[in-house]
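**Q** Here are the chains, one letter per residue:
Protein chains: 2
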Amino acid sequence: MSGDIWRVIESPQNPRAKLWADILDGRGIKRHGEFLLAGRKSVPEALARHGGRFHALIAADPGEAAGLALPDHIDRFRVTRSLFDRLDVSGTGFPLLVGKVPEMTTADLAAPPVGIELIVALGDPANLGALFRSAAAFGARRIVLMEEAAHPFHPKALRAAANAQFELELMRGPSWAALDAAQGPIFALDAGGEDMGAFVWPKALRLVLGEEGKGLPAGLKVKRLAVPMTGAVESLNATVAASLALFSHFLASR
Amino acid sequence: MSGDIWRVIESPQNPRAKLWADILDGRGIKRHGEFLLAGRKSVPEALARHGGRFHALIAADPGEAAGLALPDHIDRFRVTRSLFDRLDVSGTGFPLLVGKVPEMTTADLAAPPVGIELIVALGDPANLGALFRSAAAFGARRIVLMEEAAHPFHPKALRAAANAQFELELMRGPSWAALDAAQGPIFALDAGGEDMGAFVWPKALRLVLGEEGKGLPAGLKVKRLAVPMTGAVESLNATVAASLALFSHFLASR
Chain A
30 MSGDIWRVIE
40 SPQNPRAKLW
50 ADILDGRGIK
60 RHGEFLLAGR
70 KSVPEALARH
80 GGRFHALIAA
90 DPGEAAGLAL
100 PDHIDRFRVT
110 RSLFDRLDVS
120 GTGFPLLVGK
130 VPEMTTADLA
140 APPVGIELIV
150 ALGDPANLGA
160 LFRSAAAFGA
170 RRIVLMEEAA
180 HPFHPKALRA
190 AANAQFELEL
200 MRGPSWAALD
210 AAQGPIFALD
220 AGGEDMGAFV
230 WPKALRLVLG
240 EEGKGLPAGL
250 KVKRLAVPMT
260 GAVESLNATV
270 AASLALFSHF
280 LASR
Chain B
30 MSGDIWRVIE
40 SPQNPRAKLW
50 ADILDGRGIK
60 RHGEFLLAGR
70 KSVPEALARH
80 GGRFHALIAA
90 DPGEAAGLAL
100 PDHIDRFRVT
110 RSLFDRLDVS
120 GTGFPLLVGK
130 VPEMTTADLA
140 APPVGIELIV
150 ALGDPANLGA
160 LFRSAAAFGA
170 RRIVLMEEAA
180 HPFHPKALRA
190 AANAQFELEL
200 MRGPSWAALD
210 AAQGPIFALD
220 AGGEDMGAFV
230 WPKALRLVLG
240 EEGKGLPAGL
250 KVKRLAVPMT
260 GAVESLNATV
270 AASLALFSHF
280 LASR
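Chains A and B supply the protein sequences, listed in that same order.
All residue numbers for the first sequence refer to this note's numbering, where the first residue is 30 and numbers rise by one.
All residue numbers for the second sequence refer to this note's numbering, where the first residue is 30 and numbers rise by one.
There's no promise every hint is true.
One copy or two, it doesn't matter: identical chains are merged, so the pair holds either way.
Unchecked claim - Computed list of lysine to any residue pairs in SDA-like fashion (alpha-carbon distance at most 20 Å, straight line):
{"no.": "1", "residue 1": "Lys185", "residue 2": "Val118"}
{"no.": "2", "residue 1": "Lys129", "residue 2": "Asp104"}
{"no.": "3", "residue 1": "Lys185", "residue 2": "Glu241"}
{"no.": "4", "residue 1": "Lys185", "residue 2": "Gly152"}
{"no.": "5", "residue 1": "Lys250", "residue 2": "Asp219"}
{"no.": "6", "residue 1": "Lys59", "residue 2": "Met133"}
{"no.": "7", "residue 1": "Lys47", "residue 2": "Ser119"}
{"no.": "8", "residue 1": "Lys70", "residue 2": "Lys243"}
{"no.": "9", "residue 1": "Lys232", "residue 2": "Val143"}
{"no.": "10", "residue 1": "Lys185", "residue 2": "Ser264"}
{"no.": "11", "residue 1": "Lys243", "residue 2": "Thr121"}
{"no.": "12", "residue 1": "Lys185", "residue 2": "Glu240"}
{"no.": "13", "residue 1": "Lys185", "residue 2": "Ser119"}
{"no.": "14", "residue 1": "Lys70", "residue 2": "Ala220"}
{"no.": "15", "residue 1": "Lys232", "residue 2": "Thr259"}
{"no.": "16", "residue 1": "Lys252", "residue 2": "Ala139"}
{"no.": "17", "residue 1": "Lys185", "residue 2": "Val262"}
{"no.": "18", "residue 1": "Lys243", "residue 2": "Gly68"}
{"no.": "19", "residue 1": "Lys59", "residue 2": "Glu132"}
{"no.": "20", "residue 1": "Lys243", "residue 2": "Gly122"}
{"no.": "21", "residue 1": "Lys243", "residue 2": "Ser119"}
{"no.": "22", "residue 1": "Lys185", "residue 2": "Gly120"}
{"no.": "23", "residue 1": "Lys243", "residue 2": "Glu74"}
{"no.": "24", "residue 1": "Lys70", "residue 2": "Gly244"}
{"no.": "25", "residue 1": "Lys70", "residue 2": "Val262"}
{"no.": "26", "residue 1": "Lys243", "residue 2": "Arg69"}
{"no.": "27", "residue 1": "Lys129", "residue 2": "His79"}
Simulated from the structure, these hints should not be mistaken for lab results.
Because the structure is a prediction, the values reported are computed rather than measured.
All chains, please: the whole structure from these sequences, using the hints.
**A** Given below as structure tokens:
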């Protein structure tokens with residue numbers, strides 16, 4: 030298809046329109062293996078740096094895509110404003126990219142960790158996306174996503190990640206039971222643990238981040254680290270707590 | 030009104046029902062001076078520790094309030110499931126409390142700061158609420174809310190704050206121009222600033238947190254601190270960045 034031709038989709042019953050409406054949540058993304066990327070800053074940046082990951086662009090008004098350097102392999106679709114608004118869940122008002130979810134292999138925890146590796150069960154996609162940003166910022170390369178975790182390509186996760194997901198190696202997690210056999214030091218954040226403010230970080234380790242508000246699965250055999258706090262609140266936002274650990278490890282490693 | 034009587038509201042046109050539907054966003058909360066608090070953990074905890082701040086409880090099924098120790102001054106309202114679901118924006122399925130927004134006076138920045146004081150313009154209520162948790166956790170007592178900031182009693186802010194808002198002194202901000210005359214050291218987080226990882230924190234200071242994605246107003250006369258990062262991403266989530274500063278200050282002060 031030539032680079033400057035726009036296909037028009039007007040019916041919400043169009044198979045492509047239906048697929049796109051379906052990939053607004055984790056289940057649909059899993060089923061179809063595709064995702065939508067939004068953002069006035071994220072879309073041009075992703076096109077420039079990771080154009081090969083995308084195969085379509087969706088706009089209500091082709092004029093809005095005028096400034097975008099679109100490679101030829103990306104199909105352009107013009108849709109009705111109402112369909113566009115339904116797909117543009119963050120209300121960016123800017124063309125959306127459609128990409129293929131990369132293959133995620135299951136992590137082999139019998140191999141030792143490289144640097145700080147995260148084992149994550151965060152269920153809130155916005156928390157997960159913000160965590161991706163912190164992980165990329167502080168040199169964590171590998172993120173192992175447990176079954177409870179939100180989908181890493183959920184629109185809210187991508188919005189919060191601001192393209193950090195492309196800087197990381199995302200892997201599927203094994204069962205919680207498999208963590209008992211994991212190589213190398215393995216830690217989790219927990220109010221009852223050792224004071225993280227005085228902790229001497231090993232260079233390589235695995236850090237487990239449980240589901241928000243639920244803590245860790247019972248019986249998990251990991252060392253516990255606690256973020257020191259005043260006691261005025263019981264806990265921090267899960268991504269904030271994880272980011273403090275990533276930051277501390279980063280400072281200790283440089 | 031006796032403590033165990035439930036008033037029934039079935040019409041969405043009922044004045045109370047209309048008021049409650051109105052206080053789901055910052056504008057309505059400002060207009061009516063009331064807010065809704067939700068959460069299976071936050072509601073019982075707020076009742077036990079701050080019962081005097083609330084005057085009504087809303088449930089679709091009084092049985093769901095059975096375990097709550099409700100003081101006599103709190104009116105009980107039974108509403109239809111559809112009205113309840115509309116008010117329960119976080120989908121907690123647990124009775125909601127109605128409270129009065131406390132008076133917020135305008136901060137006098139000509140007085141020196143006590144400890145670390147935050148001057149905040151975060152527009153995302155979930156970011157703001159999570160920041161409240163971090164502030165309470167790391168000993169910041171006073172939060173000065175600039176005009177751009179989300180309403181501190183927005184349902185999403187309260188959900189993310191997990192009652193931390195009650196541990197803080199929330200104040201209205203003066204104009205940005207007034208910051209030039211502020212007493213004591215005043216800092217902001219900015220990618221071009223001094224390395225925060227090596228920074229020697231003063232005990233008392235003001236820390237400015239600009240709007241997400243917009244940075245600081247041009248010409249603001251503050252010292253700049255940068256969170257050291259790998260360079261793989263341009264920036265962190267605003268609440269994460271602020272929490273790193275609060276944590277670093279807290280560690281340096283203990």
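**Q** Check the structure against each numbered hint from earlier and tell me which ones fail, lowest number first.
**A** When the structure is compared with the hints, none of them turns out to be violated.
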